[in-house]
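Q: As given, the protein sequences belong to chains Z and A, one line each in that order.
The number in our numbering is simply the position in the first sequence, starting from 1, with 190 added.
The number in our numbering is simply the position in the second sequence, starting from 1, with 1 added.
To be clear, the hints were calculated from the coordinates, so they are not data collected in a lab.
None of the values given here were measured: they were computed from a predicted structure.
Every residue, glycine too, gets a C-beta built ideally from N, C-alpha and C.
It is possible that part of the hints are untrue.
[As the list claims (entries may be wrong)] Which residues of chain A face chain Z? A partial, calculated answer using Cβ under 10 Å:
(1) 44
(2) 47
(3) 345
(4) 388
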Amino acid sequence: MLVSGLMGSIVIGALLAGSIHLQRSFASQKDYSRGLTNQTLLVDYLALDLRRAKTVTATGFNVLTVQIPDFYTGNQNGAERREPTIALVTRAQSRMVEAFYGAAYTTCVQVRYYKTGTNIYRQEGTKTALAIADTVDFETDYPQIDDPDNPGFLIDDLKRVTLSIRFTPTVKRQGLADTDRQTYLFDTITLRNLGN
Amino acid sequence: MKNPRGPGLTPEHSRQSRRSDCGSTLIIALTTITVLAVLASTMLAYVGSRLDTAFQATRWQQALSTAEGGVQQTIAALNLEATLRESGLDTAAAWTGWQRNLTATVGAKTYTYNQLVSTDADTPERRTIVQVDQIGDSVTTGGRHWYRVRSVGTVTLPGNSRISSDVSDVRLRKVGIQSDWARTRLFGAALAALGPRQVSRVVEAILEPQSPFQYALFARNQISYGHMTLDSYDSSDTTTVSRQTPGSDGSKGQMANIGTNATTGTAITSLPLGHVYGSATTNGASVQSWQTQVSWEYRKDIYVNLPSVTAPFTTYNQSASPAVATTVNVPASANSWATAWKVDYTGAMNPTAAKKVTINNAGGNYVIFYVHGNMGVSNGNNVLVIPNGVKAKFYVDGNIAVGGSSVSLPSKKPGDFIIYGLPPSAGAAAPRGKKAAAAATVRTVSMDEQIAAIYAPDHDASAKANNDTMIGSLVARNITIKANPHTQWKFDEALLKEGGDISFKITHWMEDAWFADAWATTGNAYRPSN
Numbered sequence: 191m192l193v194s195g196l197m198g199s200i201v202i203g204a205l206l207a208g209s210i211h212l213q214r215s216f217a218s219q220k221d222y223s224r225g226l227t228n229q230t231l232l233v234d235y236l237a238l239d240l241r242r243a244k245t246v247t248a249t250g251f252n253v254l255t256v257q258i259p260d261f262y263t264g265n266q267n268g269a270e271r272r273e274p275t276i277a278l279v280t281r282a283q284s285r286m287v288e289a290f291y292g293a294a295y296t297t298c299v300q301v302r303y304y305k306t307g308t309n310i311y312r313q314e315g316t317k318t319a320l321a322i323a324d325t326v327d328f329e330t331d332y333p334q335i336d337d338p339d340n341p342g343f344l345i346d347d348l349k350r351v352t353l354s355i356r357f358t359p360t361v362k363r364q365g366l367a368d369t370d371r372q373t374y375l376f377d378t379i380t381l382r383n384l385g386n
Numbered sequence: 002m003k004n005p006r007g008p009g010l011t012p013e014h015s016r017q018s019r020r021s022d023c024g025s026t027l028i029i030a031l032t033t034i035t036v037l038a039v040l041a042s043t044m045l046a047y048v049g050s051r052l053d054t055a056f057q058a059t060r061w062q063q064a065l066s067t068a069e070g071g072v073q074q075t076i077a078a079l080n081l082e083a084t085l086r087e088s089g090l091d092t093a094a095a096w097t098g099w100q101r102n103l104t105a106t107v108g109a110k111t112y113t114y115n116q117l118v119s120t121d122a123d124t125p126e127r128r129t130i131v132q133v134d135q136i137g138d139s140v141t142t143g144g145r146h147w148y149r150v151r152s153v154g155t156v157t158l159p160g161n162s163r164i165s166s167d168v169s170d171v172r173l174r175k176v177g178i179q180s181d182w183a184r185t186r187l188f189g190a191a192l193a194a195l196g197p198r199q200v201s202r203v204v205e206a207i208l209e210p211q212s213p214f215q216y217a218l219f220a221r222n223q224i225s226y227g228h229m230t231l232d233s234y235d236s237s238d239t240t241t242v243s244r245q246t247p248g249s250d251g252s253k254g255q256m257a258n259i260g261t262n263a264t265t266g267t268a269i270t271s272l273p274l275g276h277v278y279g280s281a282t283t284n285g286a287s288v289q290s291w292q293t294q295v296s297w298e299y300r301k302d303i304y305v306n307l308p309s310v311t312a313p314f315t316t317y318n319q320s321a322s323p324a325v326a327t328t329v330n331v332p333a334s335a336n337s338w339a340t341a342w343k344v345d346y347t348g349a350m351n352p353t354a355a356k357k358v359t360i361n362n363a364g365g366n367y368v369i370f371y372v373h374g375n376m377g378v379s380n381g382n383n384v385l386v387i388p389n390g391v392k393a394k395f396y397v398d399g400n401i402a403v404g405g406s407s408v409s410l411p412s413k414k415p416g417d418f419i420i421y422g423l424p425p426s427a428g429a430a431a432p433r434g435k436k437a438a439a440a441a442t443v444r445t446v447s448m449d450e451q452i453a454a455i456y457a458p459d460h461d462a463s464a465k466a467n468n469d470t471m472i473g474s475l476v477a478r479n480i481t482i483k484a485n486p487h488t489q490w491k492f493d494e495a496l497l498k499e500g501g502d503i504s505f506k507i508t509h510w511m512e513d514a515w516f517a518d519a520w521a522t523t524g525n526a527y528r529p530s531n
């Protein structure tokens, strides 16, 4: 009886421990999976807006502001698209025929990405800010790089923005530093409307 | 007698004990199986949902590539159409594989669109529909054709008919389980379905026509020059009259771009005292030590389409011989490039004082010469006369040499004196067992203090100007300019509207992807508004 009770306790203990580890493993896998999904989702959101941006301003960690063409006439579901305008645009030292949407060549709609709490929001113009991802951080790099062929000559040759999306799993092993368990996702986006 | 079931155990005891053990094992087993089944099904549902989301994300990316492909196919078709038009050939061939001018009515609107169906048997699940509209009024565009291209790329989705459990994923990708928002929005329900499940993305690009003279200097390969400053003016600027003539460095305009299509090495070399009041571009190659020389931007990702020049016509209005002086009276009917007076010059054009080439304005303004040989206009003063109000194009099947005082061009507009250089014809195919014909040699362009716009992308060009001014645009295979001690190259911005459309570039790019306010709170489905 004693032996069988002892054996039973061991078996039940092992089952409990295994169950806890399985639960923990499952939770960490789920957490990790969600983190990766959020990384991908945030990259896709940012890439979509960067690709159509006319200007980009990265004002620090977790903040990005882009100006996109004023493409829609309304603010509701299924907003109507504007017809483009082709007009002569006069600048300081040039007069060029340009294409644009909205009232003038400089008319744009601001899209801002920022983080509040654990959520990252996307706000377009004065619309309601929409939470698009959580548990991730992002940075942007819009480089003015040295031309490797001409050291000291700053070039902006490819009109690209590099995104870095960081995910830190919430489930962690004791003693493991945050930096050792973070996952980074990088993406480089060509800004299609710059330099045209 | 010894009890065979053991001491103290009656048959009744034994039956009861066995029945009790069997029941508890079964219950434990069933409970365990049920718990495991619930766990497994939960996990499978979660993993399955994530898998579908991952597939949908992948296909969503493919839909963008498919839509972009539609824009690129349109550009290719328009480029080919422009080349065929310049060559006087049937432009319909440019649109082979397209179903053109289909219509669909959505609400009160009727759309015209073209359908480009994938011809790749390996990718039947992708489709592109393109709507191409000519935009812009002819006054603003100078009669050039701008286009808006709306391209819808659609890709079918694998997996189950379920959307992601993540609302921001749904809001972004707008996958179509029952209908396709993008195609319905553009073309109506009739064209909406490609498969039971699909995802679409819509790209809207505006295409700007490209003149052969977008740059002050452009070479396929290399450009080399000495002390020279490049800037611009605009002879067609009626708003600011002072810009109609060249001025001091950079004072009238800063659009004198310089560039090459070179991909490696150093593509543009110059002495350090000059300045480019414009931009410098290459297709990957570098320039030589230009820290302070370029006013605007220096880019290394620009490729410029430079189609070779083809013969301008096969039938003509007048034949001219190099043996005698030539007089061309341009009639009133020649009031556009489409109705230009066509002159077939049967040999090399080397006008002299005794054999001048004189163009008269007899009511008309446009004349095209097809020169079957070299063109050398550098022997004597005013031996080629292009009067005010006349615009002349010369297609030269040979070398080109022009000198400043040999050409009478009182308008001083390079757009009135345009020269195209045809490439050398390829060596004849070798008969069986015979040696192949020698490869054609590279033709040349030589300029000396000249006002002209020259497009000869298969010629090697050299120019010379000592402490003087050259006006116009030069496009060649390689360009070498001897310019000392302070030469100026003045690019006329009016050339941007000259020379026909040789290609198109994307000047504005937009993805039609909107995010509605209502989604955050009500979860309304996306729907077309028109």
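Q: Flag every earlier hint the structure violates by its number, smallest first.
A: The structure conflicts with hints 3 and 4, although it agrees with all the remaining ones.
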